[in-house]
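Number of protein chains: 2
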Amino acid sequence: MKLYTSIGPNPRLVKMAIEEKGLMIDRVDIDIIAGNNRKPEFVALNPTATTPVLELDDGTCIAETVAICEYLDEIFPQVPLIGSSAVERAITRMWWRRVDLMVVQPMTTGFRGAEGLSLFRDRVRCFPQAADEFKLMAQEGMVWLDGQLGDKPYLCGDRLSIADLLLYSFIEFGDKVGQPLGSQLSNLGRWRERITARPSADVTRV
Amino acid sequence: MKLYTSIGPNPRLVKMAIEEKGLMIDRVDIDIIAGNNRKPEFVALNPTATTPVLELDDGTCIAETVAICEYLDEIFPQVPLIGSSAVERAITRMWWRRVDLMVVQPMTTGFRGAEGLSLFRDRVRCFPQAADEFKLMAQEGMVWLDGQLGDKPYLCGDRLSIADLLLYSFIEFGDKVGQPLGSQLSNLGRWRERITARPSADVTRV
Chain A
0 MKLYTSIGPN
10 PRLVKMAIEE
20 KGLMIDRVDI
30 DIIAGNNRKP
40 EFVALNPTAT
50 TPVLELDDGT
60 CIAETVAICE
70 YLDEIFPQVP
80 LIGSSAVERA
90 ITRMWWRRVD
100 LMVVQPMTTG
110 FRGAEGLSLF
120 RDRVRCFPQA
130 ADEFKLMAQE
140 GMVWLDGQLG
150 DKPYLCGDRL
160 SIADLLLYSF
170 IEFGDKVGQP
180 LGSQLSNLGR
190 WRERITARPS
200 ADVTRV
Chain B
0 MKLYTSIGPN
10 PRLVKMAIEE
20 KGLMIDRVDI
30 DIIAGNNRKP
40 EFVALNPTAT
50 TPVLELDDGT
60 CIAETVAICE
70 YLDEIFPQVP
80 LIGSSAVERA
90 ITRMWWRRVD
100 LMVVQPMTTG
110 FRGAEGLSLF
120 RDRVRCFPQA
130 ADEFKLMAQE
140 GMVWLDGQLG
150 DKPYLCGDRL
160 SIADLLLYSF
170 IEFGDKVGQP
180 LGSQLSNLGR
190 WRERITARPS
200 ADVTRV
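As you go down the protein sequences, you meet chains A and B in turn.
Numbered per numbering that gives the first Met the number 0, the first sequence spans residues 0 to 205.
Numbered per numbering that gives the first Met the number 0, the second sequence spans residues 0 to 205.
I should point out that these hints are in silico values taken from the structure, not numbers from a laboratory.
There could be a bad hint or two in this list.
Identical chains blur together in the list; that is why a pair holds if it fits in one copy or across any two.
Derived pair list, reagent style SDA-like, types lysine to any residue, alpha-carbon separation capped at 20 Å [claimed, not checked]:
#  : residue 1 : residue 2
1  : Lys151    : Asn45
2  : Lys38     : Pro127
3  : Lys38     : Glu192
4  : Lys151    : Ala43
5  : Lys151    : Arg124
6  : Lys175    : Cys60
7  : Lys38     : Gly146
8  : Lys151    : Pro46
9  : Lys151    : Arg189
10 : Lys38     : Tyr153
11 : Lys38     : Phe119
12 : Lys1      : Glu87
13 : Lys175    : Arg204
14 : Lys151    : Leu44
15 : Lys38     : Trp143
16 : Lys1      : Ala85
17 : Lys151    : Thr47
18 : Lys20     : Tyr153
19 : Lys151    : Cys60
20 : Lys38     : Ser5
21 : Lys175    : Leu22
22 : Lys38     : Gln147
For reference, chain A alone in the conformation it holds in the complex (with noise of 0.2 Å):
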């Protein structure tokens, strides 16, 4: 098995969970800043030309996040991320939406609209004229997520889940592109010092 990786919020979500499990998997770096990623020979392997990209012994490449994660998760069921339950993956996969739709995605649209313009415009659709209010939205599912979340340690409650990591790879990436979270959602802020102090979540390591 080899993960074809990149910088990026979601290869990081994947170094995550690989390093949360304990598994040690075959890694190719790819520089997609470059544009190695839109090379014949890397969308010989994944058509949408995206990172991450696993890919099996018998050449079968899995791409798309989730589908990484859900493989993951099922083949090493020690150290679950999404549940070791029908019920808990399922409430896993509900939260996993959640962040998905109200963070991930506005915020990804945000930042390719604006500061991330001159790198995306040419390889994928951008909207520039709407960046600032995706970026606003991303703000408001923070926000909408912090009220949900409360004192509960996790966003699943006690036990860390996939959720928790894709939140806290887009946080950690808002960040860096001027899309950082409110210093207000003190319930977020205490969940994120304890995602930090998780050895996964350091950025030297994984």
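With chain A's structure known, arrange chain B on it following the hints.
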């Protein structure tokens, strides 16, 4: 188990999945045009106020279509719509996500910023300034999927999956809201006829 449902492409997807799997699940219809999904008694079930929601017998509520479809496929593995092995499920989830990012999300954002604006402007953040370009992005997504489908019967090859049902639900929805499937997309055209012939596509039944 009880499904809170309504009009709309996401509820339709879940209803099609239930029909394909041959399940009988009690339904409660929520009038979203009247805004009944935003009343306190529904928000108590799902704080995002969206349909569908699957309520389990112990009162646990599963929101978000992806979580509901995954749960039903786990609990009722006969007639798998995600897959019958970890690799099959990974491939399905990859295509499911591609359909979501390339067609479902831009089509929905385009609709809410234009034809759906009067209904949605007071409910969610809408982007009228970018609606036309989101519609274009959804069209480009359909062109890409048409090429990827080629002469395969379904997105994942020979087996019908939830990725097909999602794409079908939104192509049908697009037809009604000014975002029809391009007539030049002959692979998707044939694929669509194949799905339309299935009992689960009969809106008078589901």
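Against the structure, the hints come out as follows:
1. Lys151 with Asn45: Classified as between: cross-chain Cα gap 18 Å, same-chain 38 Å, threshold 20 Å.
2. Lys38 with Pro127: Answer is neither: 26 Å inside a copy and 35 Å across each miss the 20 Å cutoff.
3. Lys38 with Glu192: Close neither inside one copy (39 Å) nor across copies (35 Å); limit 20 Å.
4. Lys151 with Ala43: Between copies only: 18 Å across chains, 44 Å inside a chain, cut-off 20 Å.
5. Lys151 with Arg124: neither (38 Å within a copy, 27 Å between copies)
6. Lys175 with Cys60: For lysine 175 and cysteine 60, the Cα distance exceeds 20 Å both inside one copy (30 Å) and across copies (36 Å).
7. Lys38 with Gly146: For lysine 38 and glycine 146, the Cα distance is within 20 Å only across copies (19 Å; inside one copy 43 Å).
8. Lys151 with Pro46: For lysine 151 and proline 46, only the inter-copy Cα distance (16 Å) is at most 20 Å; the intra-copy one is 40 Å.
9. Lys151 with Arg189: Classified as within: same-chain Cα gap 10 Å, cross-chain 50 Å, threshold 20 Å.
10. Lys38 with Tyr153: Classified as neither; 39 Å inside a copy, 27 Å across copies.
11. Lys38 with Phe119: within (16 Å within a copy, 41 Å between copies)
12. Lys1 with Glu87: between (28 Å within a copy, 18 Å between copies)
13. Lys175 with Arg204: Answer is within; shortest intra-copy Cα gap is 19 Å, inter-copy 51 Å.
14. Lys151 with Leu44: between (40 Å within a copy, 19 Å between copies)
15. Lys38 with Trp143: So lysine 38 and tryptophan 143 pass the 20 Å test across copies only (18 Å; inside, 40 Å).
16. Lys1 with Ala85: Between copies only: 17 Å across, 28 Å inside.
17. Lys151 with Thr47: This pair counts as between: shortest inter-copy Cα distance 18 Å, intra-copy 37 Å.
18. Lys20 with Tyr153: within (17 Å within a copy, 34 Å between copies)
19. Lys151 with Cys60: Answer is between; shortest inter-copy Cα gap is 18 Å, intra-copy 37 Å.
20. Lys38 with Ser5: within (14 Å within a copy, 44 Å between copies)
21. Lys175 with Leu22: neither (28 Å within a copy, 48 Å between copies)
22. Lys38 with Gln147: between (42 Å within a copy, 18 Å between copies)
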